[in-house]
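We have chain A; now place chain B onto it with these hints.
There are 2 protein chains.
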Amino acid sequence: MLNSSDSIHRLIAQLARLPGIGRKTAGRLAFHLLKVPREEAYELADAIRDLKERVGFCSICFNITEDDPCPVCRDSERRRDTICVVEEAMDLAALEKSEGYRGLYHVLGGRISPLDGIGPDDLKIKELLTRVDETIKEIIVATNPNVEGEATALYLSKLLKPLGVKITRIARGLPVGGDLEYADGMTLARALEGRQEIDQ
Amino acid sequence: MLNSSDSIHRLIAQLARLPGIGRKTAGRLAFHLLKVPREEAYELADAIRDLKERVGFCSICFNITEDDPCPVCRDSERRRDTICVVEEAMDLAALEKSEGYRGLYHVLGGRISPLDGIGPDDLKIKELLTRVDETIKEIIVATNPNVEGEATALYLSKLLKPLGVKITRIARGLPVGGDLEYADGMTLARALEGRQEIDQ
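In order, the protein sequences belong to chains A and B. Each residue of the first sequence is one higher than the last, beginning at 47 in the working numbering. Each residue of the second sequence is one higher than the last, beginning at 47 in the working numbering.
Next up, chain A with everything else stripped away, as it sits in the complex (with noise of 0.2 Å):
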């Protein structure tokens, strides 16, 4: 292309290393870039660099953090006998939004995927093992209800069961404002296995 320079091939190339964004997708945000004013350009440049230069995780629960430990980890107000396993610091975020926990965390930083090449040793589950002593009364496993997830979460079971601590899983069901009519058949069964009695 005779009108590009190589600083937007250049850009075009970085952009499309993002997961979900294409070329096609890409070429439309480097042109957006060059178009809006330069501060506006420079703040996300700079952003993208305070990001790694600033946070980084957390040497407890591996949380990211701008300090270490993280503030979750650091709060005294939190209960520190109950730990809930999450693959990654989103949905670490995604439980706090929903306000339902008030107990520590540890992010294994993935699931187990042997399609992906990871194993549990790509994953912070020694950390996890370390963790777990006499104060620790219960392990909530919430990695994702999928295939990999569920696999993560029977082998972190299957581990952390010889050492005497109470594990859990976090209910799989029909979401909160689903319909019965379009939710498929395993959560229909999931749903079902997991019902529980009406209090009146």
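The hints are simulated quantities; they were obtained by calculation from the structure and are not laboratory data.
In the DSSO-like style, the derived pairs of lysine-lysine whose C-alpha atoms are separated by at most 27 Å in a straight line are:
1) B:Lys98 <-> B:Lys143
2) B:Lys70 <-> A:Lys81
3) B:Lys81 <-> A:Lys98
4) B:Lys172 <-> B:Lys98
5) A:Lys212 <-> A:Lys183
6) B:Lys98 <-> A:Lys98
7) B:Lys70 <-> A:Lys98
8) B:Lys143 <-> B:Lys170
9) A:Lys70 <-> B:Lys143
10) A:Lys70 <-> B:Lys70
11) A:Lys70 <-> B:Lys170
12) B:Lys98 <-> B:Lys170
13) A:Lys81 <-> B:Lys143
14) B:Lys81 <-> A:Lys172
15) A:Lys81 <-> B:Lys170
16) B:Lys98 <-> A:Lys81
17) A:Lys207 <-> A:Lys172
18) B:Lys70 <-> A:Lys170
19) B:Lys170 <-> B:Lys204
20) A:Lys204 <-> A:Lys170
21) B:Lys172 <-> A:Lys81
22) B:Lys81 <-> A:Lys70
23) A:Lys172 <-> A:Lys183
24) A:Lys143 <-> A:Lys183
25) A:Lys70 <-> B:Lys98
26) B:Lys172 <-> B:Lys183
27) A:Lys143 <-> A:Lys98
28) B:Lys81 <-> A:Lys170
29) A:Lys143 <-> B:Lys81
30) B:Lys70 <-> A:Lys143
31) A:Lys172 <-> A:Lys204
Using the frame of chain A, we list chain B on its own:
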């Protein structure tokens, strides 16, 4: 969100300003950038800065370029009696890629769109008029074949006609590889209207 630092919120906000990127996608991209090696994130940040520092607009045709005038305007091999008018530099890039055109260009920087508050004065139309002299034989209006593109084309043709220059519009019809069955009525009507005799 207790786990999320200011840095990540700031990056999410910046990414969400990009066209077609909502807050959810912005979050996913930000967490992705958090996980990639530092160098990879810096390469993206630098590519953005670099773009804004090095790339500008051609003072003749308003194509994007690192040098002024742009390579197309400087190219002595090209026909200088024909100007192809496009909305955006991306359209110019697409036409160049097709290798079907060897004349000059003029990038309007958008299309007339009252709903978006874009009038003729917001486009490089005055600049186009100053380029039209006796050396220009034809102006090909290659704005997009949609309502706003057509309105812009009509506006330009009315403006240029008094200057005694030949004004043409790119053909609208069925895309190559397309299927009559799935074409919309408007496209079919245009394809019939623009039918050409088959050379024997």
